[in-house]
Structures are given as C-alpha cells and as structure tokens.
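Heads up: the sequence shown runs through residues -23 to -1, 1 to 953, numbered per mature numbering (1 follows the signal peptide of the UniProt record, and there is no 0).
Simulated from the structure, these hints should not be mistaken for laboratory data.
None of these values were measured; they are calculated from a predicted model.
Ideal Cβ placement from N, Cα and C applies to all residues, glycine included.
Any given hint could be a false lead.
[Claimed, not checked] Result set (DSSO-like, lysine-lysine): computed pairs, CA atoms no more than 27 Å apart in a straight line: (1) Lys672 <-> Lys794; (2) Lys105 <-> Lys377; (3) Lys597 <-> Lys651; (4) Lys812 <-> Lys758; (5) Lys243 <-> Lys287.
[Unchecked claim] Label-pair ranges, simulated between beta-carbon atoms: (6) Leu872 <-> Leu937: 49 to 59 Å; (7) Lys812 <-> Lys950: 54 to 64 Å; (8) Glu640 <-> Gly687: 46 to 56 Å; (9) Asn873 <-> Thr89: 22 to 32 Å; (10) Val926 <-> Thr847: 44 to 54 Å; (11) Thr847 <-> Leu789: 15 to 25 Å; (12) Ile627 <-> Gln74: 26 to 36 Å; (13) Lys597 <-> Glu772: 38 to 48 Å; (14) Phe614 <-> Gln793: 24 to 34 Å; (15) Asn757 <-> Ile696: 15 to 25 Å; (16) Leu872 <-> Asp177: 52 to 62 Å; (17) Ser88 <-> Ile627: 45 to 55 Å.
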Amino acid sequence: MRIYTSISSILLVLISIILCSTAVYSMYEEQYGVSNWIINNIGKVENAIVIEDTDDKYFLAQSSVLQSNDPKDTVNIISLLSATTGRLVWRQILPRQEKTVQLLSLKKQSSTFVTISSGNIIRYWSRKNGTVIWNNYIASNDHCEGGVVFVEDIDKDHLSELRVTCDNSVVLLSSKNGNQVWQRKAAGEGVTFVRSQSPDTLFSYDKTTFYVDTINPLTGESTQEKKSIKVIPDGSEHKLWPTHIVTSTGEIVIMVPGANVVYVGKINGKTVDSFQAVTVDAQVDSLSASVQPSPYFVVNNRFVYKGVNKVFELEKDSQQQLLLTGDSGSLVVPNNNTIVLVEKEDKKVVYTLPDNLYRDSPLVQVWAVDAKTVIAVARDWSLTGYRLASKDNIVEKVWKREEALAAVVASELIDIPPKDLSKLQKLEEEFHGAQDESTVAHLLRRLSIQLSSVFGSIVGSSDEVVAPNQFKGEGDSMTDKILVVVTRAGVAFGLETGDKGRIMWVKPLAQYVMVADDIRLHVTKSQHPGAEIVIIHYVNFDDVPGGRPGAKHHRARITHVDAVSGKELSYTIVHGTPVLHSAVIPIDSLGASNNNNVNASEGAATGENLFITVLNYPGKGAPPIVQVSPWTAETRFNWELLKKISFYLIDHQESVIRGYSIESMANGRTGSFKSVETWRINFGKLYQKVVAVGKTNPHEIIVSPAIILGNRNLLPKYINRNIISVATYDKAASLANIYLIDSISGAIIKEYTHSNAGGHIPIVHLENSVIYSVFDTSLNKQTISSIDLFEKNVEWNKETITSFDSSQSDNLIISQKSFTIPFIVETLQLSLSTKGITSKAVLVGLANGQIMPIEKKWIDSRRPYPSEATPYDQEEGLIPYHSLLNFPPYMYLTLNNSIPLLQSINTQGTSLESTAVLVAHGLDIFGSLIAISTSYDILSPSFNHFALVSTSLLLVIMTLITNKIRRDKLLKKKWK
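Take these sequences, add in the hints, and give me the full structure.
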C-alpha cells in the first residue's frame, strides 16, 4: 500500500510538471512572430490569362514594378491568383536584366505555360506551383516575340513540340527538355515570320508580299513551292511594316506605317487566300489582340474591329491601354469608369462603376472570367474582381488588391490618436501642470486624473472630444501607428500597423504624372488632434488651371492631407519653377540659441513646425528662393530667426553640392526669402558621381554624450547633427569615396577611399558614427565599415557650436574599420526608441529580403586588434577585432518572411521604450514590433495572460498537493 501511494504521488507530480511545462512552452511559442504582418503584392498587371481548373478559375498574370522613375528600371513578375477571391497562389520574380516579357498559354486548361523574356529566353513553367520545367536561350539577334505555338501530333507517335516564331527565324523546341529540334531561317533580307497554328505551314511577309510555305514538321524543310500573295499593289507608296498580330481565331493583321490602313487576311486551314485593306479613321501606330480566343483586334488602342468591320470606338482622348478578352463570341472593353460587354452579334451592353468603386482612376485593362465576372486593372494599378449585375447594368466589387503598394516611394510613421482625445489632454496635464501650482494642488489633480482612468469619469469634466476615425481591429494602442506611404502609381495610403497593415484610407494624387523628380512626403504635424502630412508631386501643365501650353517644366502640386482620415485639407500649385528641396523645421529649434544654425535637410515633426520649399527661381544660376509656410504674423515678426536656416542642394549630373543660407526677405506678403550660396564642392562629373548621401535621423535621441573607458576616463563623442556623408563612385576606376562634410560650413572633415568597389553604397548615421557598406569586387565579398568621431577635450559648461571649421580638426579623434559579412546588403537603417535608452542597432536589409540587426559593438571601429588589446579594453567590454562577421539566421527580424526587392526600412519608437515599430517595403510591405534589448519594461498587451495565470494557479495547487503529500509521509513515518 505504501509503495502504491508513493508511486501515485510521483506520477501525479510528473504529470503536473508536464502540464506546467506545456503551458509555459506554448505561452512563449505563441508570441514568436505574432506581431509580424506582410502584404504580398505583384505590381502593375501588364498581361494575363484566365485559366479554368477543376477546383477553381485562376488568373495567370505578368506584371511589372518600377524600381525608380526610369522606365527602364523595371522588374517583371509572373504570378498566379485565384480569379474568384484574388488570393495569391504563387509568385516568381524574373531577373532584373530581362526587361520585356511575353506570357503565353498553350491551352486554356493547360497545366503548363510559356514565357518569352528579352526576346529570346524561353521558359516552360508548371502552372500548379510556378516552377520552371526547363528554359532555353535562342542564340539569335532577332526577337522571338511572334509567339509560341503548341504543335500537337506532328508524327505517328503523337509527339507534341513548341514552335517559337522569331522575327527572322522559326525554331522547334522539344516540350520535354527544351532542346532545339530544328531552326528555319528567313528566305531573304527584310522577311518577317508570322505565327501559324498549323504544324506544317509557315507564314512570312516582306514589304509588299505575303508568303505561305508548306514544310515537314519534323525537319522544317519545304515540301512544296512557296506561295506568294501580293498584298500591296505595285506603284503604291505604302510598305508593310514588321509589326503584326494574329487573332486567336486565325486572322493576320499587318500594319502600314504612315498610313491609315491595315491589311487583314483570313487563315483558311493551312493557307491565306487574300488580304483586304481596312481604312482606319486615324494614322495607324499600334495593333493588339487578345491572347484568349476572340475574333476581335484593336487599332491605336481605340478602334475595335471584328474582321474588316469596326464594332466599337473609344473616346478620341482616351489613354486606355486597350486589351480585348472574352470567349469566342464576345469581348470585354474598359472605358474609363465603364465596362463595355460586346456580346454575340456585336450587341453592346455598358456596365457602370458606382462612384465608391471608381475612385477617379480609369480602367485600363479588363479580363473576362465568365459571362458575368471580370477582372480589371485601373490606372492606379489596383486589381479588382467585378461582378456584372444585370439589374441597372452596374458593377459590383467581389475582391480588390491595391498593387500600388508594390512601388512605395516614401513612408512615414505617425501615432494613432486615442479614441477619446480628452483623456490624452488630461494625461498631458497630469505631468505638465502650471509652474506656480502648489504641491498639494498638484497631488490632488494627479489623483483626480488617476481615479478618472480607473472609474471612467473625469472629476469636474463634462466635455469629450472624439477622434475623427473609429479604428477597427484589435491593435495595441501603445504600439499602434499609422503608416503613410506614397507610391509611384500616384496613390497615397494610410495603413494601421497594429491591425496587420489594414488600409485605413486611400488618396489618389490629383493629376499625377511621373517625372524625374520623385514624390516627396513630409509630416508637418504629428501631434493630435490635427496630424498633418504634406505630399509634393508633379502634374501636367494642361491639367493645371491657368497653365500655359509649351511650358518647360511640369507643375508641382503641394497637397496638405489629414494623416488620420486621408482627407485633403488644401493644395497649392507652384507655377513656372520646379521644387528643388523641401523640409520641415521645428520652430523650437530656431529660438534655441543665437549661435546655432539649423540644417533644413530634414526635421522631426514635433509640435509646431515650419514647412519650407526651395524653388528654382529666378533660375539661370541664381540662388533659389525659399518659401516658408505657414506664413503668420508671428512668423513675420520673428523672421530674423529664419536666417539660421541653411540647406544644401545636390546636382547629380554635374556632381556638385552647393550650400545655401537665407539672406533676406524677398516678399513679406507671401513668405518668400532670398538665399545666398555659402559653399560649393565639385567632385568632377567626369570621374566621380554622387551615388548616396547619409544624414542624421531627426528622430534619433542621444542619451550619453561620452563613453566611459576602461580606465574610468571619459571619451566625448563628437555630436554634430549637421554632418552629411557623401558617397561618390568612379565607374572606370572602380573607386568609391566617402566624404564627411559639415553641411553648414561646407568643410570636408574626413575622406576615405575604397578600391575595387561596387556602385551601390548604402549609408546610415548613428550618434557619432557613420556606417556604410561597399561591395569588394576583387574579393567578391560585402564589407561594412564604421567611422567613429570623438573629441579630445570638451568644455562641458560651454555652449556647443553645431558647425565645423578647420580649427577643430586637431581636437577630433576619427577612427575607421571595415568588416566582411557573408550577405549582399541593399539598405541600412537605424533602430529607434522613444527615449533613446534602448541599445541602438544597425538594421541591415539584405538582398535575400531579410533584415538583420547588428549591434554597434560588433562594428565598432575601436575594436582592438588581438595583439594590441589591453586590460582596459577588456574592462570596457571591447571585442577583439576580427574581419569576418557571421550571424545565425535566427537573428533575422523577418523570421521566415522575406521582402523581395527590399528598398527601405523605417522604424519609430512606441510608448514602450524597449519596443519599436519596424516597417520595410520592397515588392511587399512587412511590419513588426522589434525589441533590440528584449522587452524589459512591460509585458505586451497581446501577451498570453491566461496561460500565465493558469500556470501560476497550477503551480500553487501543485505546491499545496505536494505539501500535503510531504506531511502525510512524515506522519506515517512517525507512526512506524
């Protein structure tokens, strides 16, 4: 009996321990990555095919994303979406060097498809999972964009192959492995091949004649004499042009340049009998047809034809990129805010988008999924599934993807206001009361506010201010932010970071046009109520009231937007001159000291701020004009303080940086000021190109002005927030130069040179350090370098001068070291916290889409060589220098997510000092909460409190049980 009792007690204890361990383990496992979210994008859809399957209908899309404002800097993407829900099934990104992509489906229900990249790279794909079965490079100077035909049953063994039609050749490839079976060259110069569905027929044409050639499909050799058809009669000034399309139902359409005519020939079996000239109402400059079965084709993205008959015409000034889709008896046409369905026998039905779906963004392409469901892409890149309702001929939204988020230009993080703003005001009063308030009054006031937060009513208060937006979801109020982004598609978004990136508002930029100057985004007021952002973009002069034709520049539009609701507050059109520079200047920084200059390269939007724009007026080499807003009576009265503002402009074409300061008032009514050039640095455009500029993060807070050495002495940091780091690159010599420049005086503080360097050089500033990364082409390795600046002597009681001059150079200690990391670096950013207490780290964005945090101690330029290390270095905690830095993959902040085409990282502190919000964007947008020094201050509200409480209760119960067992055993022992 005693043995049985002991065994039962031990088993009970073991089971209890296992239960406790499981609860504790799950409590921590569930928190791993729980705050991460990601928005997957595919970019602007250029072409697509609707594919039917047994379980669903799918949308096979070829899309592209601009990496800059240069149209040539494009990345192409192949992806598969569910046509009924818009869900992304898979996605593949093609190499950057492949600029043109053609998407071709072999059959409507086929499990494979083909792409042609850059004219001669053929890939054979599996539609199920997006893997490449095989790829082949056709060694030819001509482009093979005439199409791919799946030729079936070309011999007695029912062999099926791929026949690729190039401009001057036809190639037969094996569908099993992509090997070339045969290649047929054009018969003469100027002959262009045309796609043919027949396995034993080739079509081609020259300037006047169309040819039909019967071949052996196994060898490509001719079996009959070539047939020629005269298309353009002798003596005509017109000539056929090597641009043609083949409709899915077998019509060949060939254009004639400089004329208003096209020639249409009907394919009858294996040949073409004749061509018929079709007169168009305008000069022909483009042809297109559907990749799905359709008897229609379109001329000039405007005139829709069925055979030789015109059935539909868009407005004269339409900018649509018209694509015809549908089954063999119908077509679907986008037309601004309508979808036109041309049914059998050319019966036209017009469906209209409601105002809440149109969003002032015309539809540019439409694909038919079935008789009443279509997928449309709009000018703002949005991809939407619509249902064509028979009642009232309206369009209903089924699903929507905001693909403009694939091309984010700039982003800012703003605090979300509480639902009850009166509580925020009372909370501020709790800590910031009147200066003459007595201790007893202060205590009573704080006690009143504390009680109000507990019982839900504020003593002596009856007014409540409700936030303009009521937010959905269950975001953490202490870490929730509004992520404001502007995109190259001309759309601004507000996303809630605490609710998995939910889109709060969408703001299309009025009359947006993409030019060389990027969109600019600034936060002019971050406090609530009234958080405000400013967006600067360019519009066509024809769309601006009062714009005159023949203007040399686009007009800049400065738009003020409410950051919480996305509502436009006001806007200004800048006529006659581009905006060279813009910045936010905190008003408090102007009155801080009479000796301190303020750099207008960037500013932190806290409290009241001035917004300045630098305009290229009057031009012709003259110093630019500075416009200040808001221009109030108080600002005008204290305008002398604005002379402290300085700024610099970079001329990338000439490789010149110029520094300016405000000299005098130009117009007291509008707030315009004259500037004067104070310094200039010419790097030499023939040798060095400015590729990157780094500057201090305006949100960075520096807590410690010095380092405590191992011998207990102080090493003062050289804190100069006006330092900029300029990276230049000499492509011919593969030389990268890093300059540390004071942006107030223009003095070059230090210069470093890297040989055998690549041209991509990301830079970030961290307190008194400059961190940058260079790829070493000779070693084929990525390096990351750190420059640290210190002072020998500091008079702590003396006011700090924030600009550098040559007299200070002897008082500076500048050190630099480089390290090798086994990653390719795309971007660098600084981790921020609200008070600056949390340890800072450099966030390294990698080419594989991951984000790696590197603490400053690992890339400290003061790390001693092992042979030179001293006990004082060990006492200080300096790690002996080693050139190679290697970090385990579990340190990735993105965990198992990756951000393709990663371009930028943004962080901001939260109400929790240990925790920061991280947002990164590339093709996708990724968000997370990070804690570089772990969450040392408070448990997150999303923490599994139930598991913690239940585990604690279970431990208490087990303690009581084991205590009872112990006392029983002692009692039994005494009775022995």
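Original post:
Between Asn757 and Ile696, does the beta-carbon spacing fit 15 to 25 Å?
Top reply: With Cβ atoms ~37 Å apart, the hint is violated.
Original post:
Are the Cα positions of Lys812 and Lys758 separated by 27 Å at most?
Top reply: Roughly 36 Å between the alpha carbons, so the hint for Lys812 and Lys758 is violated.
**OP:** Verify the proposed pairing of Lys672 with Lys794, using a straight-line Cα cut of 27 Å.
**Re:** Roughly 20 Å between the alpha carbons, so the hint for Lys672 and Lys794 holds.
**OP:** Using the beta carbons of Glu640 and Gly687, state whether their distance is inside 46 to 56 Å or not.
**Re:** At roughly 50 Å between Cβ atoms, Gly687 and Glu640 fall inside 46 to 56 Å, so the hint holds.
**OP:** Determine whether the Cβ-Cβ distance between Thr847 and Leu789 falls within the hinted range of 15 to 25 Å.
**Re:** holds (23 Å)
**OP:** Note whether the CB distance of Asn873 and Thr89 lies within 22 to 32 Å or breaks it.
**Re:** holds (29 Å)
Original post:
Between Lys105 and Lys377, is the straight-line Cα distance small enough, at 27 Å or below?
Top reply: holds (23 Å)
Original post:
Does the Cβ pair Phe614, Gln793 satisfy 24 to 34 Å?
Top reply: violated (47 Å)
Original post:
Using the C-beta atoms of Ser88 and Ile627, is the stated range 45 to 55 Å upheld?
Top reply: 53 Å Cβ-Cβ, so the 45 to 55 Å window holds.
Subject >> Range hint compliance [Cβ, Leu872 to Asp177, 52 to 62 Å] >> reply: holds (56 Å)
Original post:
Are Lys597 and Lys651 close enough, with their CA atoms no more than 27 Å apart?
Top reply: holds (15 Å)
Original post:
Holds or violated: 49 to 59 Å for the Cβ distance of Leu872 and Leu937?
Top reply: violated (40 Å)
Figure legend: structure checked against the earlier numbered hints; hints not met, in rising order: 4, 6, 14 and 15.
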